[in-house]
Amino acid sequence: GKAHFIARLRGDGSKKPVLLAAHADVVGVEREKWTVEPFTGVVQDGYIYGRGAIDVKGGLAVFAQAALEIAAEVKAGRRKLARDLIILAEADEEGGSYPTGWLAQKAWDKIDCEFSLNEGGWIIKDEKTNKVKYVSISTADKQSISLLVRAKGTSTHSSMPQSDNAIFRLGRALDKLSRYDTKPKLNDSTRQFFSTLAQTSPEPMRSHFRNLVENRDPRKVAEADKAISQNVLLHAIMRNTIAPVFLNAGFRGNVIPGSADATINFRVIPGTTPGELIDELQTVINDPLVEVTEVVQRNSAAPVSAEERKQLADIAAQRRSIPESPQNTELYQALAKHAKLTYPEALVTPYLFQAGTDAYAWRQRGIPVYGIYPYPINAEDLERMHGNDERVPIESLVTGLRMIKGTLLEICEKK
Numbered sequence: 366g367k368a369h370f371i372a373r374l375r376g377d378g379s380k381k382p383v384l385l386a387a388h389a390d391v392v393g394v395e396r397e398k399w400t401v402e403p404f405t406g407v408v409q410d411g412y413i414y415g416r417g418a419i420d421v422k423g424g425l426a427v428f429a430q431a432a433l434e435i436a437a438e439v440k441a442g443r444r445k446l447a448r449d450l451i452i453l454a455e456a457d458e459e460g461g462s463y464p465t466g467w468l469a470q471k472a473w474d475k476i477d478c479e480f481s482l483n484e485g486g487w488i489i490k491d492e493k494t495n496k497v498k499y500v501s502i503s504t505a506d507k508q509s510i511s512l513l514v515r516a517k518g519t520s521t522h523s524s525m526p527q528s529d530n531a532i533f534r535l536g537r538a539l540d541k542l543s544r545y546d547t548k549p550k551l552n553d554s555t556r557q558f559f560s561t562l563a564q565t566s567p568e569p570m571r572s573h574f575r576n577l578v579e580n581r582d583p584r585k586v587a588e589a590d591k592a593i594s595q596n597v598l599l600h601a602i603m604r605n606t607i608a609p610v611f612l613n614a615g616f617r618g619n620v621i622p623g624s625a626d627a628t629i630n631f632r633v634i635p636g637t638t639p640g641e642l643i644d645e646l647q648t649v650i651n652d653p654l655v656e657v658t659e660v661v662q663r664n665s666a667a668p669v670s671a672e673e674r675k676q677l678a679d680i681a682a683q684r685r686s687i688p689e690s691p692q693n694t695e696l697y698q699a700l701a702k703h704a705k706l707t708y709p710e711a712l713v714t715p716y717l718f719q720a721g722t723d724a725y726a727w728r729q730r731g732i733p734v735y736g737i738y739p740y741p742i743n744a745e746d747l748e749r750m751h752g753n754d755e756r757v758p759i760e761s762l763v764t765g766l767r768m769i770k771g772t773l774l775e776i777c778e779k780k
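The sequence shown begins at 366 in the working numbering and counts up one residue at a time.
One thing to keep in mind: the hints can contain errors.
Derived DSS-like pairs: lysine-lysine, alpha-carbon spacing no greater than 27 Å straight-line [what the hints assert, rightly or not]:
{"#": "1", "residue 1": "Lys770", "residue 2": "Lys675"}
{"#": "2", "residue 1": "Lys471", "residue 2": "Lys367"}
{"#": "3", "residue 1": "Lys705", "residue 2": "Lys496"}
{"#": "4", "residue 1": "Lys705", "residue 2": "Lys780"}
{"#": "5", "residue 1": "Lys493", "residue 2": "Lys702"}
{"#": "6", "residue 1": "Lys475", "residue 2": "Lys440"}
{"#": "7", "residue 1": "Lys475", "residue 2": "Lys780"}
{"#": "8", "residue 1": "Lys702", "residue 2": "Lys591"}
{"#": "9", "residue 1": "Lys445", "residue 2": "Lys475"}
{"#": "10", "residue 1": "Lys548", "residue 2": "Lys496"}
{"#": "11", "residue 1": "Lys493", "residue 2": "Lys541"}
{"#": "12", "residue 1": "Lys471", "residue 2": "Lys780"}
{"#": "13", "residue 1": "Lys475", "residue 2": "Lys380"}
{"#": "14", "residue 1": "Lys445", "residue 2": "Lys780"}
{"#": "15", "residue 1": "Lys475", "residue 2": "Lys770"}
{"#": "16", "residue 1": "Lys705", "residue 2": "Lys770"}
{"#": "17", "residue 1": "Lys779", "residue 2": "Lys705"}
{"#": "18", "residue 1": "Lys585", "residue 2": "Lys550"}
{"#": "19", "residue 1": "Lys381", "residue 2": "Lys779"}
{"#": "20", "residue 1": "Lys493", "residue 2": "Lys550"}
{"#": "21", "residue 1": "Lys471", "residue 2": "Lys381"}
{"#": "22", "residue 1": "Lys705", "residue 2": "Lys380"}
{"#": "23", "residue 1": "Lys770", "residue 2": "Lys440"}
{"#": "24", "residue 1": "Lys541", "residue 2": "Lys591"}
{"#": "25", "residue 1": "Lys702", "residue 2": "Lys380"}
{"#": "26", "residue 1": "Lys380", "residue 2": "Lys675"}
Simulated from the structure, these hints should not be mistaken for laboratory data.
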């Protein structure tokens with residue numbers, strides 16, 4: 366019941382295609398917590414409200430409209446293209462059996478390209494002035510690693526509790542994790558990103574950003590970390606993040622279970638290994654009756670064989686080794702140029718995306734992918750992503766369209 370939609374506007378073939386990829390699927394909703402109908406696209410107070418407005422139906426709309434306008438100009442004979450322009454609306458980015466990895470195996474000839482635009486970097490507006498502060502173009506994604514924390518105890522009748530209760534033990538382990546934060550871990554992109562923020566920020570944040578990037582004094586770095594981490598997005602960008610996502614314990618109301626599990630999801634800086642995280646959590650929890658192991662992630666609940674476990678582990682390791690997309694390509698340079706033309710007051714910077722996307726299907730084949738949510742938003746808009754009353758400013762879609770269309774003409778038009 367799912368379909369990937371692929372459309373191609375033909376050029377003369379003298380250059381390889383450019384791909385515009387965006388996912389059409391969205392996450393679910395807590396319908397009772399929305400003030401509008403989440404799946405109708407409500408226009409209200411200068412915004413479009415609806416699930417996926419930011420992630421990433423707004424981006425898909427901008428990409429599609431840019432392609433439609435260029436197609437109309439080509440048809441009218443006003444432009445000629447040197448490369449094909451491919452639009453991909455994909456079906457399963459938020460989780461499912463048919464992501465871009467599946468599509469790349471089944472129909473690579475339809476999505477092969479020189480480079481691609483996808484979701485990722487942010488165009489952030491200042492809350493007070495409403496002006497764009499910076500345009501970030503993501504050149505890499507953080508990777509997802511899940512660990513299972515299992516506490517052990519004595520399984521017995523609930524009328525005779527013992528001191529080694531597995532659920533209590535797991536609770537103490539999670540309490541330790543809740544009070545622990547990983548240390549900042551910057552790579553080249555995040556160093557450049559925070560250096561850019563230093564240029565756009567007043568004191569004291571200017572000094573905090575500089576200290577995070579440049580200072581070797583642990584006390585200064587800790588002060589900078591504390592101040593910058595008030596912003597949840599910036600907190601996530603500069604470290605491996607820890608988030609409990611599942612709990613599992615017990616099977617009857619009159620039985621104390623012999624074990625209790627928590628699944629912890631990490632979003633990690635590229636290059637981080639599961640072994641490093643396991644050692645870190647074991648040190649923090651410091652309990653011999655709590656073990657930490659890697660979770661094999663898959664799209665089915667069926668039992669995992671030893672052979673399949675190894676295959677899945679190999680796939681995960683390959684994704685963790687995917688190189689960052691370079692900044693010297695024609696597409697990155699054109700996007701940076703038209704970002705500056707569209708938002709002259711903003712600085713443009715590369716960026717490590719704080720979550721994961723399906724860009725891996727191209728990056729692991731050596732094809733550069735650049736992430737952009739092509740519309741300026743503020744902090745409040747960003748907090749609604751995957752949350753309630755998700756929305757995107759209509760004016761931001763208009764300016765984003767101008768930026769993306771200019772970028773595409775720059776790299777596609779026959780000179």
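Verification of the supplied hints:
| no. | hint | in the structure |
| --- | --- | --- |
| 1 | Lys770 / Lys675 | 44 Å, violated |
| 2 | Lys471 / Lys367 | 14 Å, holds |
| 3 | Lys705 / Lys496 | 13 Å, holds |
| 4 | Lys705 / Lys780 | 22 Å, holds |
| 5 | Lys493 / Lys702 | 26 Å, holds |
| 6 | Lys475 / Lys440 | 22 Å, holds |
| 7 | Lys475 / Lys780 | 25 Å, holds |
| 8 | Lys702 / Lys591 | 34 Å, violated |
| 9 | Lys445 / Lys475 | 21 Å, holds |
| 10 | Lys548 / Lys496 | 32 Å, violated |
| 11 | Lys493 / Lys541 | 38 Å, violated |
| 12 | Lys471 / Lys780 | 34 Å, violated |
| 13 | Lys475 / Lys380 | 16 Å, holds |
| 14 | Lys445 / Lys780 | 8 Å, holds |
| 15 | Lys475 / Lys770 | 22 Å, holds |
| 16 | Lys705 / Lys770 | 14 Å, holds |
| 17 | Lys779 / Lys705 | 23 Å, holds |
| 18 | Lys585 / Lys550 | 15 Å, holds |
| 19 | Lys381 / Lys779 | 13 Å, holds |
| 20 | Lys493 / Lys550 | 30 Å, violated |
| 21 | Lys471 / Lys381 | 20 Å, holds |
| 22 | Lys705 / Lys380 | 25 Å, holds |
| 23 | Lys770 / Lys440 | 16 Å, holds |
| 24 | Lys541 / Lys591 | 19 Å, holds |
| 25 | Lys702 / Lys380 | 20 Å, holds |
| 26 | Lys380 / Lys675 | 39 Å, violated |
Hints 1, 8, 10, 11, 12, 20, 26, counting from the list given before, are not met by this structure.
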